[in-house]
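Assemble the complex: chain L is given as a structure, and chain V must be docked to it using the hints.
There are 2 protein chains.
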Amino acid sequence: MSTSMVVLLLVGVQCLHVVALKSQLFTRGDALDYSSKKIVDYKTFYFNQKIDHFGFFENGTFKQRYLVADQHWQQEAGPILFYTGNEGDITWFCNNTGFMWQIAEELGAMLVFAEHRYYGDSLPFGPDSYSDSKHLNYLSSEQALADFAVLIRELKRLWPGARHSAVIAVGGSYGGMLAAWLRMKYPSTVVGALAASAPIWQFPGMVPCGDFYRIVSQDFAASGPNCDVNIRRSWSAIDKIASSVEGLAWLSGTFSLCAPLKSRQDSVFFKEWLQETWVNLAMVDYPYEASFLQPLPPWPIQVVCKHLGFDSSVSDHQLLQGVSEAARVYYNYTGTHACLNTSSTATGSLGFLGWYYQACTEMVMPLCTDGVQDMFEPQAWDFQAFSDECQVLFGVRPRASWVETQYGGKDLSAHSNIIFSNGALDPWSSGGVTRNISDSVVAIVIPDGAHHLDLRYDNERDPPAVRAARALEVGYFKAWVQQARRAP
Amino acid sequence: MSTSMVVLLLVGVQCLHVVALKSQLFTRGDALDYSSKKIVDYKTFYFNQKIDHFGFFENGTFKQRYLVADQHWQQEAGPILFYTGNEGDITWFCNNTGFMWQIAEELGAMLVFAEHRYYGDSLPFGPDSYSDSKHLNYLSSEQALADFAVLIRELKRLWPGARHSAVIAVGGSYGGMLAAWLRMKYPSTVVGALAASAPIWQFPGMVPCGDFYRIVSQDFAASGPNCDVNIRRSWSAIDKIASSVEGLAWLSGTFSLCAPLKSRQDSVFFKEWLQETWVNLAMVDYPYEASFLQPLPPWPIQVVCKHLGFDSSVSDHQLLQGVSEAARVYYNYTGTHACLNTSSTATGSLGFLGWYYQACTEMVMPLCTDGVQDMFEPQAWDFQAFSDECQVLFGVRPRASWVETQYGGKDLSAHSNIIFSNGALDPWSSGGVTRNISDSVVAIVIPDGAHHLDLRYDNERDPPAVRAARALEVGYFKAWVQQARRAP
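Chains as they are written, first to last, in the working numbering: chain L, 1295 to 1782; chain V, 1295 to 1782.
Just chain L, same shape as in the assembly (with noise of 0.2 Å):
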């Protein structure tokens, strides 16, 4: 299968694999951001959300989770920051949001993160909620933006002094999607939004579909000598090592991997896994220690491609070789894992199955590469064949044109009080928004920065790009506040 089927929003995955999926767990967990050590304050509530509520034939509700931090909040005067959260458990993505964090006091706001339908702890149907595609029928992005909406107005009416707080809505990734999708679809609901790191663009007939990797590759071949070439060299050597029995195995012993190669399908997943190890450090390319997807050092693709400067005369072993000290970059830079399991690739907090049957319906996002301007086997975007693997895991087919339809594709000349903040290391720029549309949707590009890092706690390594996004976001956020206090 592809190389580019599907990738999920924070975690690229190569393909569906109908065994591998099925046998994936939808998995969740709380984890701290260890490495900034800050300490995040807030109070867990749940609302009872309508699980459907586009038809009124399924009435019943389910406990959707949201955590409020209050401290520094002004009553009346001061907003809300409201994080629409997205694929994942919303504590992590709470942790993960430093930035919300540290200008709470300077804006007087109250922060919300509200967590995902059919992720973390709000489950519409609890554990059957992912037992059939009937179950699974009710996780999309409209029922999410409802669900945020409803969550909204319901905490301005009831929470004492919210009445009349303007709400800002914030997400990164595929909660920067939701952010800017709330602001276009309920523009009564929150005076503007944040959409960092969000590839609303990434959809059929929007942008090439090979730009993903290409910026992947760009990352790579800017980081170290050969970097990116000799990923691409590493692809037909494991081709060669791993046709006979003795090379799978010196492949799975110089790996360390935990599941041994048994066949060549096996070493296809292989590479798959590998590839996805490039595209997450991509996304994760932080200029200081984090631990966002895995625990790794300051600029990890400097650390990765110091394994990978071999000149052309290198051996496919001694390639290897590289390429496994380099996989370790990403998989063990704590040095406590006694073996590298392929099966998994990121955090537990993600809630990849979620991810998967969004991708086989609305979130269709046409990747591709070609092995010139990429450092990829080449593989071309085939939606039938997507489509087809969606009909056998889920029984439900994508619908490649309806996000188009539904969000305005290209066109967002209606709307207003966005920002698009990206940052050009991040391999999801490719289907962002990096030009201002107009004075009040307008595109902020971070030159060094990789996933949403203007959504981080600061840091004294941070690149001077990253402090003026997040000064003008503040700015923004401050004129927004002052635009709906002038409001009749």
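Heads up, a few of these hints could be off.
Same chains, same names: a pair is fine if it fits in one copy or spans any two.
[Stated by the list, open to error] Calculated cross-link-like contacts (lysine-lysine; reagent style BS3-like; alpha-carbon spacing at most 30 Å): (1) K1357 / K1556; (2) K1337 / K1450; (3) K1450 / K1357; (4) K1357 / K1337; (5) K1565 / K1534; (6) K1772 / K1450.
Simulated from the structure, these hints should not be mistaken for laboratory data.
Chain V only, in chain L's frame:
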């Protein structure tokens, strides 16, 4: 039950009578406006729409009907005027929206009339569409708007020469609400909207529930001496006379009822039928002979009031004799009916049952009377009783605040390019937008206008204000098309 529990958007109905309603059939038919004798020439098409835009479990499609007239269309340059069909047969709206036909040539416009799902020929489950709440589940304004957005995108993609055509949404009444909401929710599909007589604020908490019937009463008060006073008096007169068997027989005879009154309960329905009659007259109080809901003379309320000019010395029997003559103005202007049928008050082209379902789900429109500022029997708005009736009738309960959350309530500040036109005679203007919101969300009030008079063919008896309104509307249309042409 309440005399004001539910009102069909175009046709006021007093109450959801379980028995009465269940016997109502979903009817449809074609109708030509006999008074205008204008010829409309269109082609009929059908488009495969998803039954459920917001979920992927139900993946079926149905055929949505739409009508196209492109005689005057200037390919590429000319706009598309897109009528967002409301609760009835689209051919009826097509024939009753002369304004679009009359401006097509001037604008070089293509006309499209799109039928609303569950009405006319556009039945998602064929004859089973109304069989139960499971089949009715996809009848909602959100699904209808998605139908329109998908259809517009496909028309622009597939209709030769339409790719760059600016689309303008036009609608009246509930169709006007849909036109405004289409621009608000899908601004990339339509450059602007004319929402004629669209009561988008007739929802809980937005406007006083008594305004609707107050306007009806004002229309009668202004159309003849003592007219409203005598209608107010008539209710107790009916009660007194209906208290005896002889009285019931007298009423049945005097009103030439097809189905004689047999009981006190029948007389309650009879009063509701009369109340609805007066409401309908207020909606269609046009200055010329017309046959929108019924064939009627010019300024029909004035004609009605000629029979209701009694002073306070009138006897109950004299008074009701006058009321019966007044009712005949509405029901038997053509003189062709041997008896008056109390089971229906208007054209069979409207889908009453569908609208009842919509009122029982999203379209919760509080109405009330006090007998003081209006000429009706006092009746409070009772949401709980209404909800209980909906539960019995359809197995669903209305969601009182959903429309406000979904469509933004009174906060329209983020939107653009919408005209809200209202006639001051029209009771639905109570829930309409009658003041400018901004430079591009504007209100037009037609003092002598009834229900979306501006959408009708012009007529030599038209008041100057409606001529001015139409000219303004065309001016805005041209400006929007220009604006779209200038866009990048």
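Evaluated hints:
1. In this assembly of identical chains, the alpha carbons of K1357 and K1556 never lie at most 30 Å apart, being 44 Å within a copy and 52 Å across copies at closest.
2. Taking identical chains as interchangeable, the C-alpha atoms of K1337 and K1450 lie at most 30 Å apart only when both belong to the same chain, with a minimum of 17 Å there against 50 Å between chains.
3. Taking CA atoms no more than 30 Å apart as the test, K1450 paired with K1357 passes inside one copy only; the shortest distance there is 18 Å, against 42 Å between copies.
4. When the C-alpha separation of K1357 and K1337 is checked against a cutoff of 30 Å, the pair qualifies only within one copy, where the shortest distance is 15 Å, while the shortest distance between copies is 50 Å.
5. For the homomeric pair K1565 and K1534, the shortest alpha-carbon distance inside one copy (13 Å) is at most 30 Å, but the shortest distance between copies (89 Å) is not.
6. Proximity of K1772 to K1450 under the C-alpha cut-off of 30 Å is restricted to the intra-copy arrangement: shortest distance 19 Å within a copy versus 40 Å between copies.
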